[in-house]
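Using the sequences provided together with the hints, build the complete structure.
Quick note on the UniProt record's numbering: the sequence shown kicks off at 1 and runs consecutively.
Treat the hints loosely; a few may be bogus.
What the hints assert, rightly or not - Restricting the straight-line Cα-Cα distance to at most 30 Å, the calculated cross-link-like pairs of lysine-lysine (DSSO-like) are:
{"id": "1", "residue 1": "K70", "residue 2": "K81"}
{"id": "2", "residue 1": "K42", "residue 2": "K132"}
{"id": "3", "residue 1": "K87", "residue 2": "K160"}
{"id": "4", "residue 1": "K7", "residue 2": "K42"}
{"id": "5", "residue 1": "K41", "residue 2": "K28"}
{"id": "6", "residue 1": "K190", "residue 2": "K12"}
{"id": "7", "residue 1": "K41", "residue 2": "K12"}
{"id": "8", "residue 1": "K77", "residue 2": "K87"}
{"id": "9", "residue 1": "K41", "residue 2": "K77"}
{"id": "10", "residue 1": "K190", "residue 2": "K268"}
The set of hints was computed from the structure by calculation and includes no laboratory data.
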Amino acid sequence: MWVEQTKDGQFKFIERYVDPYTEKTRKKSTTLTSNSPQAWKKAQKILDKKIKEALENYNKSDITFGELYKEWYEYYKQHVKRTSYLKVPMMMKHVSKHISDDTIVRNIDETLINKMIEDMYTFGDLSLNYTKQTKTTLSVMLNYAIDRKYIQRNPALAVKIHPKKVEEEKRRLSMNKKYLEKEEIDQILKQLYSNPRRKLHGIIAEFLYLTGLRYGELLALQMKDYEDGKISINGTLDYTSVKMDNAIKTTPKNTYSQREVQLPNRAKELIESVIADNILAGRPTDPDQYIFISTSGTPLALHSFNAILHKVEEELELEKSLSSHIFRHSHVSLLSELGVPLKAIMERVGHSDANTTLSIYNHVTKRAKQQVIDKLNSL
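Take a look at the structure:
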């Protein structure tokens, strides 16, 4: 920094800095009435701030939220599964109620995002999980904006979503409803198998219970994936927004999902009976042919499977809500009761996130320990 005296007797303090794009030297200045040591300190502070703001402005952009969303969404579609990016437009409809398309992205702050969370969840009707997913999607978009030098920071990272008190209690009480007891499984299977038109539904339900597969993983099983008493989980079936005969096999949910699952004897019987039925019906049995297919020759859609489960739920007057995923949770419960280590359970079901598995595991093992104490106390 140096100083030059002006014609009117004041002092102009000047500092150089380098333009990061042109690499040329530029100047910033401030004028004070004194040339004292205190004035030098004051001038240095002023110039440091001016230069900092000038450099920050190189990374600022007037891009709007609507422009960012359009640009990011095209990028996002190239890097995630189809099922993931098709969920985004609906989430953005909720976001756009609070962040309009003409909002300058660099003006989005924690206050605006907090207001969105409050309207969606805290004082709204949307679930905690859906609100979290929406906030995460917004955060991913803002991280993209940082990478593109549109903004300096991501305000979504500082926003926390606190579960409602009533929801925490509800979640605690609902743990028993996340999985089925062995007696309930037997009851459901008996009801399914009692109707010949529900035979495939019964086989699928029992197979899911014995293997812990996700429904999409089961549908994606091809003839070449079953060999020597084990199945290779190497994909999931994507039929979002298309007819089932146009469904495509895509990569698994995550890297942990790709695995081999050894089948118990009963599961072998089930899959071989399905293959035998397919042969009897004259359906193709080439290596790429899907195994669990309906009478129409296409895999059984999830909504069709769950619709039958809901009917069974009503017929048996069950207090638990039936869906394909409850059999996966029930498999975790079964393995926990059998004393299988948590790590082995996670590997078998292809879980990268231990939260759900751990919750069921801890709940079941805690109950088992209490049963031991109860039996000892009864002596």
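These are the hints, each one checked on the structure:
Among the hinted pairs, K70 with K81 is consistent with the structure: their alpha-carbon atoms are about 18 Å apart, no more than 30 Å. A hinted pair counts as satisfied when its Cα atoms are at most 30 Å apart, and K42 with K132 does not qualify at roughly 47 Å. As the CA atoms of K87 and K160 are separated by approximately 22 Å, the hinted pair is consistent with the 30 Å bound. As the CA atoms of K7 and K42 are separated by approximately 21 Å, the hinted pair is consistent with the 30 Å bound.
Our distance criterion of 30 Å between C-alpha atoms is met by K41 and K28, whose separation comes to about 15 Å. At most 30 Å may separate the alpha-carbon atoms for a hinted pair to count; K190 and K12 exceed this at roughly 91 Å. For a cut-off of 30 Å, the pair hint linking K41 to K12 stands: about 13 Å separates their Cα positions. The hinted pair formed by K77 and K87 meets the criterion: a straight-line CA distance of about 11 Å does not exceed 30 Å.
A C-alpha spacing of about 52 Å is found between K41 and K77, which places the hinted pair above 30 Å, so the restraint is violated. For the suggested pair K190 and K268, the alpha carbons sit about 19 Å apart, so the restraint of at most 30 Å is met.
Against the hints set out earlier in the document, violations occur for numbers 2, 6, 9.
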